[in-house]
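> Working from the sequences, and respecting the hints, build out all of it.
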Amino acid sequence: MASVKLTDVKKIYDNKVTAVHDFNLEIADKEFVVFVGPSGCGKSTTLRMIAGLEDISEGIVEIDGVVVNDLQPKDRDIAMVFQNYALYPHMTVYDNIAFSLRLKKMPEDEIYEKVTNAAEILGITEYLTRKPRALSGGQRQRVAIGRAMVRNAKVFLMDEPLSNLDAKLRNQMRAEIILLRQKLDTTFIYVTHDQTEAMTLGDRIVIMRDGIIEQVGTPTEVFEMPRNIFVAEFIGAPKMNMIDTELVKEGDRYFVTPFGAKIEVDGEKRNELIQRGVEAGSIKLGVRPEHIVLSEEGSEAAIPCKLEVNEMMGSELHLHVFTEDGTRLIVRIPTINLTMEQRNALVYGAQLYITFEGKVMHFFDKESELNLIYG
Amino acid sequence: MKQYTDLEYLKLSRGQKLLYKIASFFCSIPQKIKGLFVGLWNLIKNAGKAIGSEAADIWTTFRDGDWKTKLSFFIMGFGNLARGQILRGLLFLLFEVVFIGYMVIAGGYWLSMLPSLGKVGPTEEYNLIYDAYVTTYNDNSFKILLYGVLTIFFIIAFIYTWRVNVKQNKMAEKILKSGKQLRSGKEDLRSLVDDQFHKTLLALPLTGIIVFTVLPIVFMILVAFTNYDGTHDGYYNNLFTWVGLDNFNTMLSWKVGTGAGTQSYAATFGEVLSWTLIWAFFATFTNYFLGMFVAMAINKRGINLKKLWRTILVLTIAIPQFISLLYVSKMFAKNGIVNGFLMSMGWIDQALPFWEDPTWARITVILINIWIGIPYLMLITTGILMNIPQDLYESARIDGANAWQQYTKITLPYMLFVTGPYLLTSFTGNMNNFNVIYLLTGGAPTNPAASSAAGTVGYTDLLITWLFKITTGAESQYYLASVVGILVFIVVALISLVVYNVLPSIKNEEDFQ
Amino acid sequence: MSQAKLLDNKPARHHMGLRTSRLIGNSAIYAFLIIISIIWLIPFVCIVLQSFRVENTHQVGYIIPKKWGFDNYVNLFQTDFPRWYMNTFISALVTAALQTVIVLCMSYTLSRFRFKLRKPLMRLMLILGMFPGMLTMIILYRVLKDLGMTQANSVPGLILVYVASSGMGYYVSKGFFDTIPKSLDEAARVDGATRFQVLKKIILPLSKPIVIYTILTAFMGPWGDFVFARYIAFGTSAGMNVAVGLYNWLNKDQISKCYTMFCAGGVLVAVPVTVLFMCLQRYYVEGVTGGAVKG
Chain A
0 MASVKLTDVK KIYDNKVTAV HDFNLEIADK EFVVFVGPSG CGKSTTLRMI
50 AGLEDISEGI VEIDGVVVND LQPKDRDIAM VFQNYALYPH MTVYDNIAFS
100 LRLKKMPEDE IYEKVTNAAE ILGITEYLTR KPRALSGGQR QRVAIGRAMV
150 RNAKVFLMDE PLSNLDAKLR NQMRAEIILL RQKLDTTFIY VTHDQTEAMT
200 LGDRIVIMRD GIIEQVGTPT EVFEMPRNIF VAEFIGAPKM NMIDTELVKE
250 GDRYFVTPFG AKIEVDGEKR NELIQRGVEA GSIKLGVRPE HIVLSEEGSE
300 AAIPCKLEVN EMMGSELHLH VFTEDGTRLI VRIPTINLTM EQRNALVYGA
350 QLYITFEGKV MHFFDKESEL NLIYG
Chain B
0 MKQYTDLEYL KLSRGQKLLY KIASFFCSIP QKIKGLFVGL WNLIKNAGKA
50 IGSEAADIWT TFRDGDWKTK LSFFIMGFGN LARGQILRGL LFLLFEVVFI
100 GYMVIAGGYW LSMLPSLGKV GPTEEYNLIY DAYVTTYNDN SFKILLYGVL
150 TIFFIIAFIY TWRVNVKQNK MAEKILKSGK QLRSGKEDLR SLVDDQFHKT
200 LLALPLTGII VFTVLPIVFM ILVAFTNYDG THDGYYNNLF TWVGLDNFNT
250 MLSWKVGTGA GTQSYAATFG EVLSWTLIWA FFATFTNYFL GMFVAMAINK
300 RGINLKKLWR TILVLTIAIP QFISLLYVSK MFAKNGIVNG FLMSMGWIDQ
350 ALPFWEDPTW ARITVILINI WIGIPYLMLI TTGILMNIPQ DLYESARIDG
400 ANAWQQYTKI TLPYMLFVTG PYLLTSFTGN MNNFNVIYLL TGGAPTNPAA
450 SSAAGTVGYT DLLITWLFKI TTGAESQYYL ASVVGILVFI VVALISLVVY
500 NVLPSIKNEE DFQ
Chain C
0 MSQAKLLDNK PARHHMGLRT SRLIGNSAIY AFLIIISIIW LIPFVCIVLQ
50 SFRVENTHQV GYIIPKKWGF DNYVNLFQTD FPRWYMNTFI SALVTAALQT
100 VIVLCMSYTL SRFRFKLRKP LMRLMLILGM FPGMLTMIIL YRVLKDLGMT
150 QANSVPGLIL VYVASSGMGY YVSKGFFDTI PKSLDEAARV DGATRFQVLK
200 KIILPLSKPI VIYTILTAFM GPWGDFVFAR YIAFGTSAGM NVAVGLYNWL
250 NKDQISKCYT MFCAGGVLVA VPVTVLFMCL QRYYVEGVTG GAVKG
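Protein chains in written order, with numbering that gives the first Met the number 0: chain A, 0 to 374; chain B, 0 to 512; chain C, 0 to 294.
FYI, nobody ran anything at the bench for these hints, they're computed from the structure. In this text, all values refer to a predicted model and were calculated from it rather than measured experimentally. One or more of the hints may lead you astray.
[What the hints assert, rightly or not] Computed list of lysine-lysine pairs in DSSO-like fashion (alpha-carbon distance at most 30 Å, straight line):
(1) B:LYS198 <-> C:LYS251
(2) C:LYS199 <-> A:LYS104
(3) B:LYS408 <-> B:LYS142
(4) A:LYS153 <-> B:LYS185
(5) C:LYS251 <-> B:LYS468
(6) C:LYS115 <-> B:LYS176
(7) C:LYS144 <-> B:LYS142
(8) B:LYS198 <-> A:LYS103
(9) B:LYS333 <-> C:LYS115
(10) C:LYS199 <-> A:LYS130
(11) B:LYS179 <-> A:LYS103
(12) A:LYS9 <-> C:LYS115
(13) C:LYS181 <-> A:LYS153
(14) B:LYS176 <-> A:LYS15
(15) A:LYS9 <-> B:LYS198
(16) B:LYS306 <-> C:LYS118
(17) B:LYS468 <-> C:LYS256
(18) C:LYS200 <-> A:LYS130
(19) B:LYS166 <-> C:LYS118
(20) A:LYS113 <-> C:LYS181
(21) B:LYS173 <-> C:LYS115
(22) A:LYS4 <-> B:LYS173
(23) A:LYS104 <-> C:LYS181
(24) B:LYS198 <-> C:LYS181
(25) C:LYS115 <-> B:LYS48
(26) A:LYS104 <-> C:LYS200
[Unchecked claim] Chain A is faced by these chain C residues, among others (derived, beta-carbon under 10 Å):
(27) ALA30
(28) ARG111
(29) ARG113
(30) PRO180
(31) LYS181
(32) SER182
(33) LEU183
(34) ASP184
(35) ARG188
(36) GLY191
(37) ALA192
(38) THR193
(39) LYS200
(40) PRO208
Where is the CB? At the ideal position from N, CA and C, for every residue including glycine.
The following block contains the structure:
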């Protein structure tokens with residue numbers, strides 16, 4: 000249980016490639032922080048620098064107020080779960096979990112207690128005498144977590160622990176990690192490329208790209224107030240629609256004019272635009288697929304488009320449509336609001352009219368890609 | 000030359016593609032040579048820069064350092080001692096004391112003698128007591144050269160250690176200034192099994208390599224510039240001394256004579272080198288393709304007793320080579336079993352000259368080498384063949400490829416890609432394949448024109464066996480052997496350099512991890 | 000299996016054609032395998048038969064002895080052969096032990112540690128390997144002679160020469176270590192292990208095949224070494240190893256007296272080494288197949 004603080008941390012490889020630029024972050028005690036981003040964004044490298052598996056080129060890493068830059072991993076009091084589990088193949092599950100305790104020269108009966116305890120929590124008691132290769136992927140994952148659990152380490156590091164599991168198991172383990180977190184009550188740093196994992200697990204999410212932090216915030220913050228287009232598109236699935244359009248100001252009222260339609264910005268968004276003093280002009284307009292609804296011909300706010308693909312997802316439909324100028328948009332429609340007749344009409348080439356409300360819009364600068372309100 | 004884009008290139012016919020490749024290869028040669036020189040120039044420039052920055056760093060360390068640091072420039076380890084790192088300080092100090100002591104007692108002498116390699120040879124004097132001439136042995140050129148080189152190694156090591164000593168002072172000052180603690184001796188020792196564990200692990204192997212490989216190689220390279228041989232052994236007979244590039248002149252100058260032993264060394268070298276290359280080529284590729292063929296035959300679906308066939312072949316690896324090679328060599332002798340068998344069957348009435356005729360002998364060593372080499376290649380290729388994804392073959396079969404097409408389009412490219420580096424090492428290994436040639440033929444049959452007092456030369460002699468014969472020949476011309484050795488190195492290095500740059504599978508080694 | 004079933008469902012004519020062509024193909028391969036097996040075995044059969052031939056001691060043109068007996072083996076013990084055998088055996092044993100340690104140290108370090116001099120070191124060793132190692136014997140012989148490790152005392156000298164530079168033969172075992180995932184090391188280090196403990200508790204237990212391979216090749220090396228052993232023994236019979244000793248028996252002057260004895264000696268050398276090799280063949284195969292690819 001400890002805080003972690005990174006100050007101006009940099010990773011520069013021998014070939015002068017900078018993997019992580021000036022990383023600044025304070026992680027509070029018992030916080031669950033998720034590093035998320037596309038592959039190669041430096042999230043794993045940052046985690047490995049905290050673990051001591053990579054040299055820190057510049058900057059300071061502190062755990063519990065102690066600078067750990069020059070400490071070996073074994074002296075940092077951390078536990079880590081690896082993507083490929085990294086179970087010792089020549090040891091039984093019991094020995095795997097007991098390994099770190101034996102290195103600490105803990106008495107065997109104490110080890111026994113701790114290991115069986117952890118095994119029980121994770122439901123792997125019956126496999127304790129097996130070797131890792133006789134286990135399934137999910138069971139191996141549990142052993143890896145068990146191995147980290149018994150350490151009672153200050154910080155719990157997880158490097159894409161679920162990415163080698165199939166989709167079903169991943170959902171299940173995700174829930175278990177939340178439970179585990181409540182039981183262990185320690186500081187977690189979790190690396191993933193999957194935004195769903197990040198949203199469901201993290202107290203705070205650190206979104207990274209090309210070695211730079213794009214945004215740090217709670218799941219709600221990064222979802223509702225993305226700092227720039229990258230974050231907006233990365234968080235949420237299917238990703239946010241981006242529309243080139245004009246922001247028009249008529250007195251105190253703001254309008255957007257996507258594809259010839261005219262939609263007023265209302266509610267909080269309007270107040271915020273006024274507050275920030277945003278000028279009229281060309282912008283990128285972001286609208287999440289679930290915020291687009293089907294509309295009727297003739298309305299001023301209706302955008303005409305043609306249906307290209309209709310993906311039936313069960314409780315909802317993902318409609319891929321293209322507007323008159325060829326822009327492709329994705330629309331999420333809950334099936335519950337549609338009659339069977341309406342659903343049957345949604346075939347290739349069908350003429351649709353879509354629209355969205357003013358309060359769901361996100362406005363981005365065309366050049367800097369920053370959010371005009373929160374950027 | 001016209002450059003094609005990728006898509007244009009794809010449109011070309013097969014012949015055109017080949018021509019284009021060859022043309023672009025030749026067109027790229029000037030570029031590559033230029034690149035080589037640019038690379039060399041950059042290397043020199045960077046080395047100069049590095050030395051410059053080192054010197055600057057040393058100077059600033061001295062200028063900005065406190066008195067402990069300043070004193071450490073002269074008394075190594077003083078800074079460590081003064082700052083409480085007793086163990087490190089003592090080791091530095093000890094090294095300096097040992098070094099100075101050695102230089103005063105012995106190193107200085109060896110170094111001073113190095114330019115002359117000894118002044119006074121063995122002298123004979125009439126001794127009244129024994130009533131006989133007694134030889135007094137004086138300077139020892141061999142030792143002077145050896146210890147001279149050793150002393151230079153030692154000096155380099157000292158300079159390096161001194162530099163480390165200076166660096167450590169700078170580091171220590173910095174650490175103390177930032178309010179942190181220095182490592183204690185105990186921590187230093189502990190780090191030797193942890194973050195500095197590689198130094199512990201490498202200490203023994205590297206010492207061995209430096210003393211038993213690097214030092215001898217440097218020594219032998221230097222011998223090429225002396226007249227060290229049987230009559231100038233540097234102690235018992237005559238001293239040996241520096242002769243500059245004379246030996247290279249002897250080896251590379253081309254005067255053609257007639258009759259035994261009058262051929263120039265250059266001619267002999269050319270002959271031996273060309274046979275060495277021919278041999279290496281055939282030895283490598285016959286083994287490679289036949290070994291692969293045998294492996295594929297054994298692994299074919301529907302062939303039983305796979306293990307038996309493999310074991311029979313592997314027997315040649317298990318049995319020490321000198322036994323099998325010597326025995327097989329005698330089997331092919333004039334009165335050996337092979338000739339005996341052929342004659343008793345009435346197929347020949349005169350013994351075949353397996354070892355007596357140059358061409359026969361050369362073909363026979365290549366054939367016997369196949370016998371030696373196939374099992375090894377069979378093992379290697381079996382492993383790789385099994386790694387080729389089966390779906391490649393399945394998809395090829397569905398695309399309509401027959402067995403031969405499957406081999407040339409899938410198996411062979413895959414094998415060549417994976418075994419590229421192996422083929423290269425195998426080629427250079429065969430160039431230096433002493434055992435097979437020496438134990439089979441000993442270089443015979445003799446090539447009278449090329450043989451001389453420096454040693455006999457035969458038609459199957461490789462550079463390496465020739466070299467061996469020079470050193471063990473009547474005159475023990477070590478300097479000549481050394482020259483040949485250097486030339487062998489140059490040939491091998493050139494081949495490796497060229498092939499390494501052409502091979503596709505020399506990628507970043509980390510790709511495998 | 001499934002393929003065979005598929006074929007069975009095809010029309011009869013086609014079915015026969017495929018089957019016969021496969022039959023012919025396989026018979027040809029069997030014939031080929033039998034022929035090469037004979038070629039590969041003949042020398043070994045011959046040497047064993049000749050070692051029991053007692054009607055004369057020189058080379059003959061037939062294979063089956065006219066008179067059988069153990070004379071050649073008995074005579075071996077009146078020569079220096081037992082001494083040579085012991086020389087070789089001891090140096091092989093010690094070399095196997097020391098060389099294995101050195102090679103594993105070297106290859107493990109190069110596989111696992113990333114230090115500044117790693118690449119230059121590997122390049123240096125590659126370049127050193129291009130020099131004909133034989134040249135260095137000239138100087139090593141004289142140095143060892145000064146140290147009293149040549150001629151009759153050749154065994155320590157031989158061991159020193161075999162072991163000292165063996166770090167350069169790290170390729171195969173480095174290739175093996177490279178296949179052990181690095182995350183195992185990392186997991187262990189996070190778990191609190193020092194680098195030494197990682198090696199002892201994680202890597203070595205997983206490296207049994209390569210350890211055995213290294214021991215085996217290191218042990219077999221001295222049995223076949225001819226060049227260095229000949230240099231260091233320098234004509235002194237008591238300091239020779241089997242290769243040098245037996246080689247001398249095939250000299251022009253000796254071959255008529257010693258040919259059958261050479262065969263007997265060869266058999267005595269080959270049998271234990273071969274048996275050992277065959278027992279550990281699995282590891283050897285793993286080593287060469289893995290090592291050759293990784294280079």
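> Looking back at the numbered hints, which does the structure fail to meet, lowest number first?
1, 3, 9, 16, 27, 28, 40
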